[in-house]
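Engineer: The sequence shown begins at 1189 in the working numbering and counts up one residue at a time.
Quick caveat, the hints were computed from the structure, so don't treat them as lab data.
Among the clues, some could well be false.
[Unchecked claim] Only pairs whose alpha carbons sit at most 20 Å apart, straight line, appear in this in silico PhoX-like list of lysine-lysine:
no.	residue 1	residue 2
1	LYS1203	LYS1332
2	LYS1210	LYS1342
3	LYS1357	LYS1337
4	LYS1271	LYS1371
5	LYS1210	LYS1327
6	LYS1253	LYS1318
7	LYS1357	LYS1332
8	LYS1332	LYS1317
9	LYS1317	LYS1210
10	LYS1371	LYS1327
11	LYS1342	LYS1357
12	LYS1203	LYS1329
13	LYS1318	LYS1337
14	LYS1253	LYS1271
15	LYS1342	LYS1317
16	LYS1357	LYS1327
17	LYS1327	LYS1203
18	LYS1329	LYS1357
19	LYS1371	LYS1255
20	LYS1329	LYS1271
[To be verified] Distance windows between CB atoms, simulated:
no.	residue 1	residue 2	range
21	ASP1353	PRO1247	30 to 38 Å
22	THR1261	SER1285	33 to 41 Å
23	GLN1224	GLU1336	29 to 37 Å
Since the model is a prediction, treat every value here as computed from it, not as a measurement.
For glycine and all other residues, C-beta sits at the position ideal for the given N, C-alpha and C.
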Amino acid sequence: MLCLAAVALGMNAQKSVDARIKQIREAYANRLTMMQNQPYDDDANKVDQLTIAYNRMYPGTGMAKFKDTYYWTDDENEDYMLKPTLYYVTSHYTMNSGIYIFNREYLFDAETEEPMFMYVSSQFGEDGKKVEYRFYFDKGKLIKQIPEKIAPIKDDELEPGVSVDDNGKANAARLLNEFENVKSTFHNQIPTYAW
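Based on the sequences and whatever the hints tell you, model everything.
Structural biologist: Rendered as structure tokens:
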């Protein structure tokens, strides 16, 4: 009887995770529509988008280039004239004069700014093998990572910059801290205006 109850609980938990991942994938697809907020025909007049880019020369390793783009909506209600809500961020950077290529995407809940999804990729040179990782979150918890085990990095692969334990599981606290840092950087740049 206990075994059947344990199996039933496991199946319900898996259904819950699958339902959450489906919800996250729908939000990820919907972000494209939200990103098209252009009240004018000119691409230069995109609204609710901020890009921070800089280049820096590192001694002994060459040029590094960083570019982060933030997407948000502005709520208007009885308390706020403009209240930004972050929903998506892309981060692209290269190091060693473009030899090392890194990408990250952060998907936030479009209403609560809770972390939903993180995509991480790294590549050693334009012709190198691209390694990709996906992390799904629910209520501040990592519920799934793809691949399920992050194996030791091979010689032709580039370290993705994700902290993992001995079992190949990502450190959820550090991933969530990345979300908080991204959100904090955004809110330090884009002010909220009360009426």
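Engineer: For each hint, tell me whether it holds in the structure or not.
Structural biologist: Results for each hint:
no.	hint	in the structure
1	LYS1203 to LYS1332	holds, 13 Å
2	LYS1210 to LYS1342	violated, 32 Å
3	LYS1357 to LYS1337	holds, 6 Å
4	LYS1271 to LYS1371	holds, 14 Å
5	LYS1210 to LYS1327	holds, 15 Å
6	LYS1253 to LYS1318	holds, 19 Å
7	LYS1357 to LYS1332	holds, 10 Å
8	LYS1332 to LYS1317	violated, 23 Å
9	LYS1317 to LYS1210	violated, 28 Å
10	LYS1371 to LYS1327	holds, 16 Å
11	LYS1342 to LYS1357	holds, 17 Å
12	LYS1203 to LYS1329	holds, 16 Å
13	LYS1318 to LYS1337	holds, 17 Å
14	LYS1253 to LYS1271	violated, 31 Å
15	LYS1342 to LYS1317	holds, 10 Å
16	LYS1357 to LYS1327	holds, 18 Å
17	LYS1327 to LYS1203	holds, 16 Å
18	LYS1329 to LYS1357	holds, 13 Å
19	LYS1371 to LYS1255	holds, 15 Å
20	LYS1329 to LYS1271	violated, 26 Å
21	ASP1353 to PRO1247: 30 to 38 Å	holds, 33 Å
22	THR1261 to SER1285: 33 to 41 Å	holds, 37 Å
23	GLN1224 to GLU1336: 29 to 37 Å	holds, 34 Å
Violated hints, listed in ascending order, are 2, 8, 9, 14 and 20; each of the other numbered hints is respected by the structure.
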